[in-house]
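Line by line, the protein sequences give chains V and A. Using our numbering, read the first sequence as starting at 2 and increasing by one per residue. Using our numbering, read the second sequence as starting at 8 and increasing by one per residue.
Quick caveat, the hints were computed from the structure, so don't treat them as lab data. Any given hint might turn out to be false.
[Claimed, not checked] Taking lysine-lysine and the PhoX-like style, the derived pairs with C-alpha atoms no more than 25 angstroms apart in a straight line are: (1) Lys120/V with Lys36/A; (2) Lys66/V with Lys80/V; (3) Lys80/V with Lys210/A; (4) Lys36/A with Lys80/V; (5) Lys68/V with Lys210/V; (6) Lys36/A with Lys168/A; (7) Lys210/A with Lys120/V; (8) Lys123/A with Lys95/V; (9) Lys68/V with Lys168/A; (10) Lys82/V with Lys36/A; (11) Lys210/A with Lys144/A; (12) Lys66/V with Lys95/V; (13) Lys9/V with Lys210/V; (14) Lys144/A with Lys95/V; (15) Lys120/V with Lys95/V; (16) Lys95/V with Lys36/A; (17) Lys210/A with Lys82/V; (18) Lys210/V with Lys175/V; (19) Lys115/V with Lys210/A; (20) Lys86/A with Lys80/V; (21) Lys144/A with Lys120/V.
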Amino acid sequence: MNTLLEVKNLNVDLDGEKIIDNLSFQVAQGEILTILGANGAGKTVLLKTLLGFLPYEGSIVWHQKPKIGYLPQGLNQLKVKDFPLTVQDFFALKNPVPDLEEITTFLHLVGLEKDTLFKTAGNLSGGQFQRMLVAWTLVSHPNVLFFDEPTTGIDIGGGETIYSLLRTIWEKEKLTIFLVTHDLNIVYKHSTHVLCLNRKGHHCFGMAKEILNPEMLEQVFGTEIKFYEHH
Amino acid sequence: MSFQLIFTLISGIFISGVAGYLGTLMLSKKMSVVAGPLAHLAFPGVALALIFGFNISLGVFPFVIMGAILIWLLEERTKLPMENLAAIIFASGVGTALLFLPIDKAEEALIGSIEKITPWETTIVVVLSLLVFYVVKRLYQKMMLMNVYEDLAVIEGINIKLYNLLYLLSIAIVVALGVYLVGGLITAALIAIPAASAKNISKGLRSYKMWAIVLGTVSAIAGIFIARFARLPTGPMVVVSGVILFLISVIFRRQLF
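Sequences and hints are given; from them, build the entire structure.
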């Protein structure tokens with residue numbers, strides 16, 4: 002496997018507080034890396050640092066220039082309430098503007114009807130908006146995805162749809178995916194590697210099936226978590 | 008129709024059209040109010056022009072553009088919201104101006120003097136309006152994405168710093184032109200009102216932009232004619248026409264749900 006990303010001795014401080022403490026890991030092309038951790042463990046900060054939004058110490062090396070698709074946490078329909086943007090207008094903000102046929106295909110893949118195109122983005126429900134955002138991210142055919150809690154606000158069935166879709170696209174287009182999620186079943190079913198973060202610098206990193214066990218989870222989340230392995 | 012009226016109409020239409028268009032971007036960035044402070048920055052320029060006896064516009068442009076660049080630099084440095092920085096710039100502009108401005112001669116600066124515009128000035132207004140229109144059209148989609156969510160804009164490869172500067176310079180030029188039409192006191196109205204009315208009656212981006220331009224130009228035409236026949240000051244009348252159109256738009260507000 003070709004190594005895509007190498008992170009060595011990464012340290013990130015925000016306003017004088019240490020968020021990420023001496024973290025090292027690497028990601029090969031085509032892997033799905035899930036980033037686990039309790040609230041405040043620095044998952045989103047890690048994604049943002051890898052994306053180049055935050056200052057850091059240590060080294061982050063991309064071995065090939067990635068074409069990134071980013072689905073941020075915290076962009077929701079309420080954020081666009083003040084914009085007179087239809088869903089179609091929202092897609093037209095991309096550069097280059099994807100053609101209509103392609104947009105419709107992706108809307109369909111995430112489970113949205115074609116007439117969603119003409120609805121005001123700010124009036125979609127939370128779940129619909131999130132699906133739309135997933136389609137928005139995927140439509141420009143990125144080869145590296147950063148998904149920060151992609152199923153926020155989506156009901157359980159809908160979450161499954163999004164993850165199956167991600168999986169399908171992953172298999173088809175040989176994507177590399179960075180995923181932040183709290184959903185442990187998803188982690189187990191859909192990721193190849195896991196990186197767990199905690200503030201004290203006790204990180205763990207490895208193949209999902211090797212390191213996902215109750216002891217590790219307890220260490221990460223601090224409480225005992227019931228976890229059933231799927232067969 | 009006199010030539011003077013024609014020049015007034017042409018400049019009025021161009022200024023308020025481009026102000027309405029730019030206003031749609033500023034409304035979505037919640038920045039409509041920034042135009043006000045910037046326009047007030049024209050006052051020190053006006054003061055200098057009055058004291059040394061040169062054309063007021065020559066005083067206005069450098070100050071407003073300098074103000075825009077200052078806001079841009081301070082935003083980069085301090086990460087404070089632009090509207091906040093604009094308030095600081097505004098205070099310094101007006102404060103300095105009031106020290107020196109001969110208030111009794113400042114009427115032009117307060118309410119504009121478009122009814123006296125010369126052919127040469129009209130040409131400059133048209134050229135600058137077209138230039139700003141072109142620039143805003145080029146940066147529109149990218150600015151809109153920056154307004155929605157800046158991180159996504161970075162991922163899409165947009166040079167945030169550069170676009171913010173172009174955006175602020177466009178605002179500065181429109182504001183300086185607005186000072187001509189309606190004066191420094193109410194220039195923000197040219198930018199804020201058409202966009203607000205347009206938002207009331209449109210659903211998508213296209214109609215939003217189109218209505219803002221239409222309503223901007225209509226309020227300029229209506230204001231100029233009404234002021235002429237009722238012997239009222241032109242600038243304030245343009246703004247009042249805009250307000251009336253806004254009230255009508257409130258009545259027609261489309262139920263989007």
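Here's how the hints hold up against the structure:
Between Lys120/V and Lys36/A the CA atoms are separated by roughly 21 angstroms; this keeps the pair inside 25 angstroms, and the hint holds. This hinted pair does not check out: Lys66/V and Lys80/V have alpha carbons roughly 31 angstroms apart, beyond 25 angstroms. Taken as a hint, the Lys80/V and Lys210/A pair is honoured in the structure, with Cα atoms around 17 angstroms apart against an allowance of 25 angstroms. As the CA atoms of Lys36/A and Lys80/V are separated by approximately 11 angstroms, the hinted pair is consistent with the 25 angstroms bound.
Between the alpha carbons of Lys68/V and Lys210/V the distance comes to roughly 28 angstroms, so the proposed pair goes past 25 angstroms and is violated. At roughly 15 angstroms between alpha-carbon atoms, Lys36/A and Lys168/A fall within 25 angstroms of each other, so this suggested pair holds. Distance hint between Lys210/A and Lys120/V is fulfilled; the C-alpha atoms sit about 9 angstroms from each other, no more than 25 angstroms. Note on Lys123/A and Lys95/V: the hinted pairing is violated, with a Cα-Cα distance of about 45 angstroms set against a maximum of 25 angstroms.
A distance of roughly 22 angstroms separates the Cα atoms of Lys68/V and Lys168/A; the hinted pair therefore holds under the 25 angstroms criterion. Between the alpha carbons of Lys82/V and Lys36/A the distance comes to roughly 12 angstroms, so the proposed pair stays at or under 25 angstroms and holds. Straight-line distance between C-alpha atoms of Lys210/A and Lys144/A comes to about 19 angstroms, which keeps the hinted pair within the 25 angstroms bound. Only pairs whose Cα atoms come within 25 angstroms are accepted, and Lys66/V paired with Lys95/V is accepted, the gap being roughly 20 angstroms.
A distance of roughly 24 angstroms separates the Cα atoms of Lys9/V and Lys210/V; the hinted pair therefore holds under the 25 angstroms criterion. A distance of roughly 15 angstroms separates the Cα atoms of Lys144/A and Lys95/V; the hinted pair therefore holds under the 25 angstroms criterion. Taken as a hint, the Lys120/V and Lys95/V pair is honoured in the structure, with Cα atoms around 18 angstroms apart against an allowance of 25 angstroms. Only pairs whose Cα atoms come within 25 angstroms are accepted, and Lys95/V paired with Lys36/A is accepted, the gap being roughly 18 angstroms.
Restraint check: the Cα-Cα separation between Lys210/A and Lys82/V comes to about 12 angstroms, which is no more than 25 angstroms; the hinted pair holds. Proposed proximity of Lys210/V and Lys175/V is supported: the alpha carbons are some 20 angstroms apart, at most 25 angstroms. Only pairs whose Cα atoms come within 25 angstroms are accepted, and Lys115/V paired with Lys210/A is accepted, the gap being roughly 17 angstroms. Taken as a hint, the Lys86/A and Lys80/V pair is honoured in the structure, with Cα atoms around 20 angstroms apart against an allowance of 25 angstroms.
For a cut-off of 25 angstroms, the pair hint linking Lys144/A to Lys120/V stands: about 24 angstroms separates their Cα positions.
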